[in-house]
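Novice: Top line first, the protein sequences correspond to chains A and B.
With the numbering used here as the guide, the letters of the first sequence map in order to residues -3 to 131.
With the numbering used here as the guide, the letters of the second sequence map in order to residues 128 to 555.
I should point out that these hints are in silico values taken from the structure, not numbers from a laboratory.
Watch out, some of these pointers could steer you wrong.
Below, simulated PhoX-like cross-link-like pairs (lysine-lysine); rule was C-alpha separation at most 25 Å, straight line [claimed, not checked]: (1) A:Lys94 to B:Lys270; (2) B:Lys270 to B:Lys400; (3) A:Lys108 to B:Lys540.
Spelled out, the chains give:
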Amino acid sequence: MKVAISPLAALPFVLLVVTACQSTPPPVADGSQASAPPAPSSAPGPAAPRSPVFSETARNIANNCFTCHGPDGKSPAAIPGLSRLSAEQIAARLRSFKNGTASSTIMGRHAKAYSNAEIDAVAAYIAGVNKQAKP
Amino acid sequence: MSKLTRRKFLRLAGVGLASGAGALGFSRSASAQSGAARIVVIGGGFGGATCANYLKRLDPGLSVTLVESSKRFVTCPFSNYVIADWRTISTITHNYAATQKHGVEVVQDTAIAIDAIARQVSLKSGKRLAYDRLVVSPGIDFKWGAIEGYDEAAAEVMPHAWKAGPQTLLLRKKILGMRNGDTFILVAPGNPFRCPPAPYERASVIAYYLKSYKPRSKILILDSKESFSEQALFMDGWDALYPGMIEWVSGARGGRVTSVNTKTMTVATEIEKYRGNAVNVIPPQMAGNIARDAGLVDETGWCPVDPRTFESKKHKGIHVIGDAANAAPMPKSGFVANSQAKIVASAITRELRGHAPFDGVYVNTCYSLLAPDYGISMANVYRTSADGIQEVSGAGGVSPREASAAFRAEEAKYAAGWYASIVADIWS
Chain A
-3 MKVAISPLAA LPFVLLVVTA CQSTPPPVAD GSQASAPPAP SSAPGPAAPR
47 SPVFSETARN IANNCFTCHG PDGKSPAAIP GLSRLSAEQI AARLRSFKNG
97 TASSTIMGRH AKAYSNAEID AVAAYIAGVN KQAKP
Chain B
128 MSKLTRRKFL RLAGVGLASG AGALGFSRSA SAQSGAARIV VIGGGFGGAT
178 CANYLKRLDP GLSVTLVESS KRFVTCPFSN YVIADWRTIS TITHNYAATQ
228 KHGVEVVQDT AIAIDAIARQ VSLKSGKRLA YDRLVVSPGI DFKWGAIEGY
278 DEAAAEVMPH AWKAGPQTLL LRKKILGMRN GDTFILVAPG NPFRCPPAPY
328 ERASVIAYYL KSYKPRSKIL ILDSKESFSE QALFMDGWDA LYPGMIEWVS
378 GARGGRVTSV NTKTMTVATE IEKYRGNAVN VIPPQMAGNI ARDAGLVDET
428 GWCPVDPRTF ESKKHKGIHV IGDAANAAPM PKSGFVANSQ AKIVASAITR
478 ELRGHAPFDG VYVNTCYSLL APDYGISMAN VYRTSADGIQ EVSGAGGVSP
528 REASAAFRAE EAKYAAGWYA SIVADIWS
């Protein structure tokens, strides 16, 4: 159940300190993009090789998923669990909810809120949590 | 958006970087700094209990103390089904055994004062708790007397049942005591209030009960508002399931209740007087008492907070989450409180480590049942920045108006799944 803070969480801070010395600061992502500080990939997994999504944001979004899908995606009841799915399966499913190719009651409404990079990062995060949890 | 200005950049780069405090935090090891930190959380509901758990998960070295006055917590979500006699109250009652197992110290006591300068919480028992960071999640209290004649004594005759527990059972008793042909009056408050669709879900599930056992009975909703959450979906459902049974009166059409009389069981609006055999008054609300006593509220009665960290705009070092916070446009719901709690837990651990705040993604998912096999839902996603909270456009929304019975049944099934999952997240 424990979620360790990734050492990479410190990265944006470091990068910002470095970029402070540069004459041209980097642009900020536009308002529709959740990833806050400009940072290289901090999300593990092959689904997101160069995801710009900040690891804290991936964890944040995944924690919202777990509210309905159960702690760490292990569902105690009627809502499908996520803990046995691979990052690729979760990402593919979310994309099909987002673009409407998969029917759903509520997931289409949720999935439309996320960029593809966020979907990859959150899928990798959820799969990663469950990989760690296995004996 | 424009390029990052230097000033904005400094703000992003870390709390107090300019003053040198950030540099100090950075030079010390994260665990040494945060390991000693004491976090006190006031309130063991959807916000507080979640925040306490997630603080321990994020950093097991933190000292986390949860102050909650009750041994057990009865959830408002699903309490409508207890009122309608679908569930027993024990199925919506939870305790803090798991919270303690996660390493949170649970203190059964009531916070009566906060000293924001000395960073201390005073408890009813006389004990004091020192904190480095305080999370206040007290939920709501009622504006007694805002409706003339509606005080705590009146709530024993005309229950509010807007805090779950004895009030839930009292309203259930009143509903079960109705005779065939009786009238049930539900008085609904103006915005903002706890759980926007809940008064209308309550009317729906009571209609289900009355249709089954007392079919000549009527439900009258006297509302202070001109419209309500998921209105079209509720009204479609009422027409289909309970034709002619539920009447909704908007504020402009005389729905605004100004006084009640518990002796005559009457409710007076600006225009007319109504008599009910059972009356449920959901009064106007404000942030829980401790938030007001500690000076955390503004003139709205709710607590203004920084949109990123939910740190109080009134007092440094105090974060206010859940229904008590003014986080508009987010609704006051258990789901939102849970979502805020997890992000604030991250914000606090980041701050203790000298990391910059991050922009959170917040979610709300509300299910309402109109009958055991008829569910509807609302979904919302919000993003925050230093400028405020925005709902993500093009996402979220309510269930489709045109939907099959199977679709409604599936949403009803997911409503039960939702409850099982969220309470597992918080109390197991």
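Novice: Next step is simple, just say for each hint if it's right about the structure.
Specialist: Outcome of the hint check:
As the CA atoms of Lys94 of chain A and Lys270 of chain B are separated by approximately 43 Å, the hinted pair breaks the 25 Å bound. For a cut-off of 25 Å, the pair hint linking Lys270 of chain B to Lys400 of chain B stands: about 22 Å separates their Cα positions. This hinted pair checks out: Lys108 of chain A and Lys540 of chain B have alpha carbons roughly 23 Å apart, not beyond 25 Å.
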